[in-house]
Amino acid sequence: MTLRDLIAFNGNNKRRLVELFAGHLLWCLSLLVILVLVGKAEKSSPFWSIALMTLQLYFAGQLIIPALRMQPENRNRVFYVFWGAVLAVMIWTVYQLSANGLRQPLFEALQSGLLLLSGTIIGAALARYVKKLWEILPLCLAMSLADFSSWLIGPTADFARTIEQYYLKPVGPPPVIDMILIKVAFPGALTLLPVFGLSDWIMVTFFAVIAQRHQINDNLLTGRRDGEPKSNRRPGTYLPISLVALLGAVALAQLTGTFIPALPVIALVMLIWVGGQSLMRKVRHEKS
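Counting from 3, one number per residue, gives the positions in the sequence shown under my numbering.
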């Protein structure tokens with residue numbers, strides 16, 4: 003077996019990857035357009051900033067759809083190591099271009115787009131290992147405890163303070179943690195500003211893929227019942243509950259001026275949502 007056989011995708015997944023790359027490139031360009039339009043505007047109420055951020059992340063949510071349509075492939079460790087290394091090198095390269103005196107919005111937008119793309123691919127790959135729906139329960143608990151502990155007594159709180167201090171008064175190169183932060187445009191900001199980390203987007207995609215594979219309706223913009231075969235995840239009409247949970251955590255942080263770990267919020271919301279949907283499915287099954 004050649005290296006090409008080990009790292010190649012099947013025909014369907016190649017098309018989905020092209021869609022993912024093209025979609026994320028368009029999203030990067032949209033960040034630049036929004037930055038030009040609102041970057042020199044006067045700073046207004048936080049609600050306007052939250053609304054603009056929500057719009058940008060809503061468009062980002064549509065980029066999950068090609069990942070939902072990818073077919074599972076049986077791959078070995080070489081496949082994941084190779085493509086993981088490719089994504090890591092791409093992110094590192096763009097970060098170096100922006101960190102070494104080239105902090106143009108173009109490189110910042112490309113960095114955010116690459117992080118979203120990486121998070122989408124990683125989240126979709128991880129979801130294939132969840133065979134039964136109940137398996138997300140221990141995963142959510144472990145993830146929430148780890149992130150919450152890191153926020154209270156671990157490095158997360160220090161990272162948050164470091165990033166906040168840097169963007170309030172940027173002196174010297176950005177902190178290394180800046181390399182895995184996804185940024186969007188805000189009114190009155192001449193550069194893109196960080197809103198959440200790569201791990202948060204991995205979990206948004208992870209839960210979206212799990213919901214799709216286990217026929218749980220996680221789309222708040224359509225009313226398809228769980229278990230119905232017809233897909234309700236179409237571009238422009240897709241708002242997964244995991245993305246809403248992330249938006250809620252980030253919006254609350256913006257309003258309060260306090261760093262709030264998004265992973266526990268996403269995990270808690272998904273546990274409640276999946277549990278409620280599963281209970282409703284059971285009740286409908288008993289009535290039928």
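Hints are not guaranteed to be accurate.
As the list claims (entries may be wrong) - Derived BS3-like pairs: lysine-lysine, alpha-carbon spacing no greater than 30 Å straight-line: (1) Lys171 to Lys289; (2) Lys284 to Lys133; (3) Lys171 to Lys16; (4) Lys42 to Lys134; (5) Lys133 to Lys42; (6) Lys42 to Lys289; (7) Lys134 to Lys289.
These are calculated hints, taken from the structure and not from any lab test.
Remember, predicted model here, so these are calculated numbers, not experimental data.
Hint check results:
At most 30 Å may separate the alpha-carbon atoms for a hinted pair to count; Lys171 and Lys289 exceed this at roughly 61 Å. The hinted pair formed by Lys284 and Lys133 meets the criterion: a straight-line CA distance of about 19 Å does not exceed 30 Å. Straight-line distance between C-alpha atoms of Lys171 and Lys16 comes to about 43 Å, which puts the hinted pair past the 30 Å bound. In summary, the hint linking Lys42 to Lys134 is not supported, as the alpha carbons are separated by about 50 Å, beyond the 30 Å threshold.
Simply put, Lys133 and Lys42 have alpha-carbon atoms about 49 Å apart, too far for the 30 Å limit, and the pair is violated. Between Lys42 and Lys289, the direct Cα distance comes to roughly 58 Å. Violation of the 30 Å bound is thereby established for this hinted pair. Restraint check: the Cα-Cα separation between Lys134 and Lys289 comes to about 24 Å, which is no more than 30 Å; the hinted pair holds.
Checked against the numbered hints above, the structure breaks hints 1, 3, 4, 5, 6 and satisfies the rest.
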